[in-house]
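Undergrad: Below are the chains, spelled out letter by letter.
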Amino acid sequence: MKLNLEHVNKTIKKALVLDDVTMTLEGGHIYGLKGPNGSGKTMLMRVMAGLIRPTSGRVCVDGRQLGRDMDFPPSVGLLLENPSFLPNHTGLKNLELLAGIQHRVTSVNIRQTLQDVGLNPDDPRTFRKYSLGMKQRLGIAAAIMEQPDLILVDEPTNALDDNGIQQICTLLRRERDRGALLILSCHDASILEDLSDEIFHIYDGKVERRTIS
Amino acid sequence: MKTGLKAELWKALHNPMFYAALILGCLISSINVVENLITAEQIKSIIFAEDHTGSQSPWGFSLFLLWMPVNGASYGRYLFYLVWPVLAAMPFGWSYLQERRGGLFNQLVSRMGRKSYYVTKYIAVFISGGLVVAVPVLLNLLVNATFCPYVLPNILNMLRISDGYFLSELYFTVPWAYALIWCGVDFLLGGAAAGLCFVAGTRLRLQVMTILTPFALLLVVDAVCTALRSRFGWNVELSPLQLATAVPNYFNPEWVVGSACLILAFVGFGIGYWQVVHHELA
Numbered sequence: 001m002k003l004n005l006e007h008v009n010k011t012i013k014k015a016l017v018l019d020d021v022t023m024t025l026e027g028g029h030i031y032g033l034k035g036p037n038g039s040g041k042t043m044l045m046r047v048m049a050g051l052i053r054p055t056s057g058r059v060c061v062d063g064r065q066l067g068r069d070m071d072f073p074p075s076v077g078l079l080l081e082n083p084s085f086l087p088n089h090t091g092l093k094n095l096e097l098l099a100g101i102q103h104r105v106t107s108v109n110i111r112q113t114l115q116d117v118g119l120n121p122d123d124p125r126t127f128r129k130y131s132l133g134m135k136q137r138l139g140i141a142a143a144i145m146e147q148p149d150l151i152l153v154d155e156p157t158n159a160l161d162d163n164g165i166q167q168i169c170t171l172l173r174r175e176r177d178r179g180a181l182l183i184l185s186c187h188d189a190s191i192l193e194d195l196s197d198e199i200f201h202i203y204d205g206k207v208e209r210r211t212i213s
Numbered sequence: 214m215k216t217g218l219k220a221e222l223w224k225a226l227h228n229p230m231f232y233a234a235l236i237l238g239c240l241i242s243s244i245n246v247v248e249n250l251i252t253a254e255q256i257k258s259i260i261f262a263e264d265h266t267g268s269q270s271p272w273g274f275s276l277f278l279l280w281m282p283v284n285g286a287s288y289g290r291y292l293f294y295l296v297w298p299v300l301a302a303m304p305f306g307w308s309y310l311q312e313r314r315g316g317l318f319n320q321l322v323s324r325m326g327r328k329s330y331y332v333t334k335y336i337a338v339f340i341s342g343g344l345v346v347a348v349p350v351l352l353n354l355l356v357n358a359t360f361c362p363y364v365l366p367n368i369l370n371m372l373r374i375s376d377g378y379f380l381s382e383l384y385f386t387v388p389w390a391y392a393l394i395w396c397g398v399d400f401l402l403g404g405a406a407a408g409l410c411f412v413a414g415t416r417l418r419l420q421v422m423t424i425l426t427p428f429a430l431l432l433v434v435d436a437v438c439t440a441l442r443s444r445f446g447w448n449v450e451l452s453p454l455q456l457a458t459a460v461p462n463y464f465n466p467e468w469v470v471g472s473a474c475l476i477l478a479f480v481g482f483g484i485g486y487w488q489v490v491h492h493e494l495a
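Chains as they are written, first to last, in our numbering: chain A, 1 to 213; chain B, 214 to 495.
Worth flagging that the hints you see were computed from the coordinates, not collected in a lab.
This list has only true hints and no planted wrong ones.
Using 25 angstroms as the maximum straight-line C-alpha spacing, the simulated BS3-like pairs for lysine-lysine come out as follows: (1) B/K219 - B/K328; (2) B/K215 - A/K93; (3) A/K93 - A/K135; (4) A/K2 - A/K206; (5) A/K93 - B/K219; (6) A/K206 - A/K13.
Given the structure is predicted, the values throughout are model-derived calculations rather than measurements.
Please take these sequences and the hints and turn them into a complete structure.
TA: Okay, structure coming up:
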């Protein structure tokens, strides 16, 4: 998979939140987005995911333009902002409902993904009763369970303990080795540097520089 | 889209707000049942004393005179047909706002696309809203049928339905068919009113405000219709808020009821489509 952003600008209420962003990202890599709060990292990820259209410029997935040739990347997993699910259902039921839309994975795969992120598939507790860390793990499970080609994760290690962070880092590397294109933002510089093959530094909506790990 | 629709319907019909709205609707409609029970106790002795066995009810005591949508003297009817837009919006009308604010929206649209998401969401909101209005009306008929005699309503006793009212001839000849059709009308109006929740989009911050949106909009439409009626001297009921009851104060011919359902559904779906699929993409 190849993701191209060409001169992407985004203006919201006359404020420029993305300023002439141009980048080319390829599958089998993990790309990190680094920058202070409000610098435009999450907005950039939302544009890449097709959730928001750029005011000008193009976002292309394998040569096909988002918003013109297709609405969303054909195979995408997301964890943007806080993980959110149906509060009155278990983690397994929530993932089964999501997976039921595209039928790309079986119930066995979903159970395996839950175990991979450190959750018990047979846990009878509803999402409402999950701890913050469990919610985060479920959010990551939802993003990767269908083995998408493009994975966008915003602050994947939020609320996780050290063991959880290690588990998630291993999982994200596994997805990269499978050939997926991963884009992540993280406030913890050491995790971002450890995981990422390349890091884009963003300030005021502009990609100032990139560093290669 | 079929799988997405199944998932949305499952969510709409398996959430506490759906059950709460259904129970609340049934409780309000049971006020009418209690009123009818009191009437039944008062009139029963007279009916038995007269040994009345005819097909017409000379006492005005018939299932189809006391059933909530046609019983103009019932407090239960008054209350139910005042709050029905709120009941309709309660089960699932808030779900778009919740999913949008919570982030579940992202998970869903990235899998099914915006148009499919909106269409399936609208259908689920429509069906859940329609059920919450129609089921208490139907249950009210069934519960009243356990103690009210099934006799044809008499034109002398039912003064509120006459020529110019919705399927009036059917009402006096095949009342059970009329009753079932009216349940269908309430289902359509309830569903269309629930769809008006999309008009609010994500502008409102509280779910309760989204639930109140259809009621507020229909109140405004009601005020406009009342003003137009008095200005031009029309004797046809145009307000959807009033049209949910079978016996509004003005005529409710079939074309008016049908048009009201269509216009409500069209407005709700159209504005919602613009909000969800186009506007909030910008």
